[in-house]
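Chemist: For reference, the chains in residue letters:
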Amino acid sequence: MSETAMSDRSPRPLVEIRDLRMHFPIHAGVLRRRVGAVRAVDGVSFDIHEGETLGLVGESGCGKSTCGRAILRLYDITSGSIRIEGDEIGTLGQDALRPRRPRMQMVFQDPQASLNPRMTVARIIGEPLDEHTTLSRAEKRDRIYELMDAVGLNRNFANRYPHQFSGGQRQRIGIARALALNPKFIVCDEPIAALDVSIQAQVVNLLEDLQDRFGLTYLFISHDLSMVRHIADRVAVMYLGRVVELAPRDSLYGAPLHPYTQALLSAVPEPDPDLEASRRHIILKGDVPSPANPPEGCNFCTRCPQAMPICHRIDPEMREPRPGHFAACHLHDPDHIPTAGSTAANDQPQQGE
Amino acid sequence: MRAKHALLGAAAALALAPAAFAERGSDGQVNIIYWQGPSTMNPYLSGGIKELEAASLSLEPLARYDPDGNMVPFLAETVPTLENGGVSEDLKSVTWKIKPGLLWSDGTPVTSADVRFTWQYCTAEGGGCSQSEKYNDVADVETPDELTAIVRFSVPKPYPYGPFVGNQAPILQAAQFADCLGPKAPGCTSANFMPVGTGPFIVTDFRPNDVIALKANEHYRDPEKPAFSTVNFKGGGDAMAAGRSVLETGEYDFAWNLQLAPEVLDQMAAAGKGEVEVAFGTLVERIMVNFTDPDPKWGERRATADHPHPFLTDKAVRQALSMAIDRDLLTEIGYGQAGRTTCNVLAAPEIYASEANEGCLVQDIEGAKALLDQAGWVPGPDGVRQKDGMRLSMLFQSSTNAVRQDFQALIKQWWSEIGVESELRNVDASVFFGGDPGSPDTFQKFYADVEMYANSFDGTDPEAYMANWECKQAPRPETQWQGNNMPRYCNAAYDALVAEMAKTGKMDERIALAKKMNDILMQDYVILPLVHRGRVSARATSLGGFVMNAWDSELWNAADWYRVK
Amino acid sequence: MFTYTIRRLLIAIPTLLVISLIIFLVVTLAPSDPTANLPLSIPSEVRAQMREALGLNEPILVRYLLWLRQFFLYEPLHMLDQAFGLSLAGEDMQRILSWQTRSPVADLIVQRLPQTLWVVGTSYVVGVLIALPIGIASAYRQYSWFDQIGTFVSMVGFSVPTFFTGVLLIVIFSVHLGWFPSIYDTTLRVTDLSTFWLQIKQMIMPVAVLALYNAAQISRFMRASMLDNLNQDYVRTARAKGMTERVVVLLHVLRNSMIPVVTVIALGVPTVFGGAIITEQVFKVNGIGQLLIIAIQGGDVPTVQTLTFIFAVLIVLFNLIADVLYGLLDPRIRYD
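Protein chains in written order, with my numbering: chain D, 1 to 353; chain Z, 1 to 565; chain F, 1 to 336.
Watch out, some of these pointers could steer you wrong.
With a straight-line Cα cutoff of 30 Å, these simulated DSSO-like cross-link-like pairs (lysine-lysine) come out [said to hold, decoys possible]:
| hint | chain 1 | residue 1 | chain 2 | residue 2 |
| --- | --- | --- | --- | --- |
| 1 | Z | 387 | F | 201 |
| 2 | Z | 565 | F | 201 |
| 3 | Z | 516 | F | 201 |
Here are some chain F residues pointing at chain D (derived, C-beta under 7 Å) [as the list claims (entries may be wrong)]:
| hint | residue |
| --- | --- |
| 4 | 141 |
| 5 | 231 |
| 6 | 232 |
| 7 | 233 |
| 8 | 240 |
| 9 | 242 |
| 10 | 246 |
| 11 | 252 |
| 12 | 255 |
| 13 | 256 |
| 14 | 311 |
| 15 | 313 |
| 16 | 331 |
No lab work stands behind these hints, which were simulated from the structure alone.
Where is the CB? At the ideal position from N, CA and C, for every residue including glycine.
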């Protein structure tokens, strides 16, 4: 696919990911020899434009968190290219990366575990300032207060420890910490999954609010499709280490092209009971294959309700059946269309009810 | 004139001194290691051998025993005897003369008052004096003048050398211990740890069970001695490490009591830094035969004379048990050069050792079998001999100790060859020898058929030792199970000899009596002696003047030690 | 924290009283006799007198109460007297006397403490100092060669008994090479460089033996605790913040990993005072451990009772200290 295949706007994207692979070796035996690899991320490409929010969804274990961490180079990636503002960071060493870290930050899923229990809020937020700025003590303090204000934390709590806060407050600390160095790009790795439902909306609203104020770009990783629908501009769907569909929000939610996306969306509850009753659910059979040993052909072929013989042989390429709407599925391959008129798969009755 | 006299004396002393031009304190430090550290310097409060030995560096008796078991005067001028008139004809008093001019290490003179005080100290009520037996029957100690002490006994004492003789009964300084009588004795810590003495060395620092620092006594009676200026007396560790420090690393000059496997000791000595010293005292490893029935069915009266043993009362059985034993092999395996075979329970001193029982030295399995056959004990279907439904099956007990368990296993094998079955049992030494009347496992209770242990006697006189096997000495409920006659042997002829010895003062007659008693015990197979055990110590080759002594403290002549240049 | 500490101390009092009674009963009812080790030539009547002089004829309860009074009243008074030259203790206030040495047990302990603290204490410090870097490095490079070797050495240090390593060292360094003395001199006073050097020489082997043993234990703890923390999210956060690896490992991971390790180290301190029975015997250090074992062998009830009770007090105390430290180090823990 071409360099600009998945970008639909003309200015250069803020983040460009090409064919990113993150394989974790498996060691076994007495001598701990390498016997294989878990292909957590296996050839992922997409762009994120400045100021937008890209939602990354998928079942747990599909590699979306690994993907987020790999993009921020919290891992040494196996192969591929990561460009941020045109700057290739995929191959940089950790020492060369360090000065670039302020531009890209992360908000973690578990606010409890991701905050050092032996540091006060002020130190947690202020630590990156020590490392990356030359601010004076007073300036740092002001910056910490500013950030606390920005995320809605009481300044008086600056000297408290993380365990003294509620989950929502802790996530605010995590966000304040991420903001400390004025990043342009933030990976939000399931930032609300560990929170109470009542708090989730608050945190999401805060993130949106901060995006407007500071012009942030988000990669929003979540398994919660309705929350992604709320916050994301575009959405990428991952399955077993690959992106299977990538589209603007409305296009994806309105007319998903990939059978996997269709199945995922059919599982989202509908708030309207009448509509909910009339909806059809697609129940996927079988388990997700092991990422250490993915199936031949299309990764999804073992569970796909519409699998064809070709799916078991050839890995489908990413195509753009609609402008800006990409999918990797033989159903949308002009050379392999099985039967006429079945492209609008979501209109067809599927198994299940 | 006086100067000339002194000069002559000095010349004589020089000629006698083994280290030609020795001078007090000229040879630096001597290092002694006892793997069991002494806990006090007062032998009257402990009784342990390690304490007696340590104390012998500072405290001295009126007379000691030399390596041959002969008495030599130390603080006394001569040893009083019947012949020189020092012992009265009625055997009830002994007159000791102290050497004139003797000084304590604090510079005050040694007088007969100190001698008298020592007796009072050890016999004071509530003091728990461990050597009080030495002062048995002493009615009084008279002090007609400063240098004369007359010990008066309430009964005739044919061997009157208990009080003030040997390393168990040294003289204490009256001035130092005056306030330490009876229950106050343990409270006098500084006196107990740092006694004023007459010996060659005095304590400068005492750390119980750890280390004793001593220095030459500047008031010691021989102005040339001791050659060493200080003593480092270290305690603790184990016999192996102590032996190593003398024989292999050469850090120490003398290591005491190396109860080690013979081959280990030989290997260490091969390093060439020191020599193994052995001396034989009276310690004999033996098997005691129970003449009474230990069967639990007799309840309170088990193992008493009320119930004679069903088969060990048969002399043929006892003799067969003795004949089946290979004493040479036991000695070689268990003790090496630290042991020698013996057929006598009274194996030393030399003059008392009988030669009438040497037959036991050769193992005779066939003879033992024939003897049992003759006596009517015939092998049963399981190979164990029996007669009238009574099987020769025994319980054989001993204290827990690697060598003893080896011995038990060997002996069990030999006995099974002659058709005697035995079950082995071993009891922790502190229980076995503990003497607790409430415990069923003591060697006095003897709830077994045969038992093995070692015993010895103090000094050189066997009178009290041989009296152990008097009828009345049998442990039984009436005596709270105390007493030394473990076999519960009861023989009127033997008791008569004991009584006779108690009133015989002439040495040759005493010797004849002791031998006769020994022979009765041996030829009646009451006690089966196995090994005459010696004391083993190690001495660095650079330590001169050392003379091993089994009859007194091994440090008895520390004043004569010197450094070989 | 303060009220918690006070409360814990108050609870400790009945606990310790019960412990003291149990120790007393165990020590007293055990079949041991202080005169058992005497030569057989000392007759039983004399032994009986000796036992009586030791107070063994009194009923058990009376002896226990006497010991309690001596330990909690007489001994402190005597100590005050010695420290400030007072005379609070009356004539009849007999101190706890050892049955073997007939001297005050407290004096024996004071005499034994220096060498025990020097040797066992140094080995503990050395052990900890070795263990921490090894534990950190093996966790940071888990399954590397360094880690594998560290695991092997720990296993050896942990499973090979000190009487073996001790004797091995003696045979090599004292017997064959003659570098170090095989027997520790407790009377050595360090006054100048040469005596200091002598002291170092005689301490090297026992300290090495014990330090290996201690380091083996603590380095495993350190490693496990580091591994627990290295995979925590906050470590990833710290890396994401762009902190240097040094800061990440030493500040974030190490400080959190030290919490349980410090507790383990604090809980091990009483064993320093308890001495090292076997190693002290092997090298003739003659410290508290050797005092205890000699007292046990000799049936010296007052010494055994007093020593074990002091150990009990130290263990209770250091448990409390460990808990308080835990609270101080880990802000998540509050005791109020």
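Chemist: Hints the structure violates: just list their numbers, smallest first.
Modeler: Of the numbered hints given earlier, those the structure breaks are 1, 3, 4, 5, 10, 14, 15, listed in rising order.
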